[in-house]
Amino acid sequence: MSKTMKKGTFTWKWRYLPLAVVVAYALVVPLIWPTPSADFSRALQAPNGQFIGGTDHYGFDLWTRTALGLRVSLFIGLVSALCATAIGLAVGLTAAVRGGWADRVLMRMTDAVNSIPHLILSVVIVALFRGSIPALVISIAITHWSQVARIVRSTVLAARESEYVAASYGAGADSGWVLRKHLFPVAVGQAVVSIVMLTPHAVWHESALSFLGLGLQPDFPSLGTLMDQASSDIMTGAWWVLVVPGTALLAATLSLVALIPKHLMGGTRSEGGADVEIAGDHAAGGSAGERVGLARSAGRSGSVETSALSLPEDFPSGTYGVQSLSVTIASETSRVDAVVGATLRLEPGKIHGLIGGSGSGKSTLGRTLCGQVPAGSTVSGGIVLGGDPTPASEVISAGQGGKSPGGEIALIPQAPASSFTPVRRVGKQIQEIIDASGGKTTASVEELLTRANLGPEIADYFPHQLSGGMAQRAAIAAALATGRPVLVADEPTSALDPDLTASVLELLRSLADAGYAVLLISHDVEDLRASAVCDDLSVMRRGVIVENGPAWQVLSGPRDDYTRALLAALPSGGMTLTAGYERG
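Per UniProt numbering, residue 1 is the first one in the sequence shown, and the count goes up by one each step.
A hint or two may mislead.
[Said to hold, decoys possible] Simulated DEER-style distance windows between Cβ atoms:
hint: 1; residue 1: P34; residue 2: Q431; range: 54 to 60 Å
hint: 2; residue 1: A565; residue 2: G455; range: 39 to 45 Å
hint: 3; residue 1: R15; residue 2: N453; range: 17 to 23 Å
hint: 4; residue 1: R335; residue 2: L119; range: 21 to 27 Å
hint: 5; residue 1: L250; residue 2: L27; range: 34 to 40 Å
hint: 6; residue 1: N453; residue 2: Q431; range: 32 to 38 Å
Honestly, the hints are just simulated from the structure, not real lab data. Computed from a predicted structure; not experimentally measured. Ideal Cβ positions, reconstructed from N, Cα and C, are used throughout, including at glycine.
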């Protein structure tokens, strides 16, 4: 372990020390110094050898009385923070997961709570049940859950749009599985931070209400009631009646604040809540429509509009692909035709390359084939599974009759490292995919890693420990774990050097030779041309497939002007390929 890591761990452990001292004071002192009964003959004595903190208006030992009050205030603060966080977690998670009208209603309710001054609302609630601890807890929880709800909602929305969630849907996970494994843990992590941040605030809130005479009864010690009593006694010169409980309140607050991560203290967003942009082609015309978070419509009802189309059955049995597929992406300001009337066929044992410039719609087509479409999209045409053309309205929506592409097609995402949950080991995540395959995969994690040209020890790695090439091959192993016959590789070599690019393409070629049907999406035509890895090739421009045919034919004798211009721009643009084009 490096010195930096040791220093960071040591510093983090020291953060607990002030809180441990405060809690020990609240719990231990009343046991060592039992509180004597009220005795007005010793009222308002200054700190001395017998009474360390002096005495209060009733003659109580203020040192012990403050410890008892701190115990009550910490209890009320912690329980209030837990209740507020629980409400905020439920509201924020529901709004983010359900979306639509549920999101709008819950967020308007949150705005309504935010619009009311917290202290005024708390005073109204506490005034109805004065002197009650449950009333204090309820008043603080009701006035503070709204901030938690908004933070949880934004964090879950960012996680829902991340690459690893999209990869989970592509691996066949349903909405419930994604909620349990990805979204809920993210929300809980944010909730823990919220508890730490809300507890000191709740302690102050209780103290303020009790100081105003609206909290606990005067004979029931809390930091607020002690300072309320001190407000009159301090005028007689008894400074200690305010200093002792005030110091305890300040120490409790600072010890709790010390636990808050530094990046949150600076007002920046946590790593867990950072926005994650889905990698993929932008829609034609420069629109940001395709950066809309990907969602499997089966998991979010109403997020995708589909229209049925009666399709001719001209795909041979056992083939896959799309037929007359169109995808229109709607953003707040525009509608973009990302895919227009695309027809493309995938055959077992072959690699079908899909090339085109950035923004041509390649990734949109590939993800739609996997059952993932941008939210708010209109999808028409058909998706072919095993030779059966099925209207997109049936395939993309509910997966009726087992026709969901999630059961046939596996996605190898463009950002492989982001396709894994960052805080869990690679092997455990691949094992979950095997378990969810329904018996389609009998290979072990180690065997799958070996097939992807990785060592078995990679199973114990975290995603951030993988290099670019290792992460890409691990993503391929995860796709193989689904046991599905079709692989959609979305820009698998985009961030790799030439040697790693060649090894990944060779791996995909070996999988095709083993019987997989592979759709290889790429904008790096030179690599595909040099490696001769593709059997068939389609060229896409502005959502339209402008050319389609055997790879050697498209590369040696392109018929479309755009394809000719694309090939002419390559470093090897002057080379001429003939029908002797061979793989490898």
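(request) Please name the hints from earlier in the document that this structure breaks, with their numbers sorted from lowest to highest. (result) Hint check: 3, 4, 5, 6 fail, others pass.
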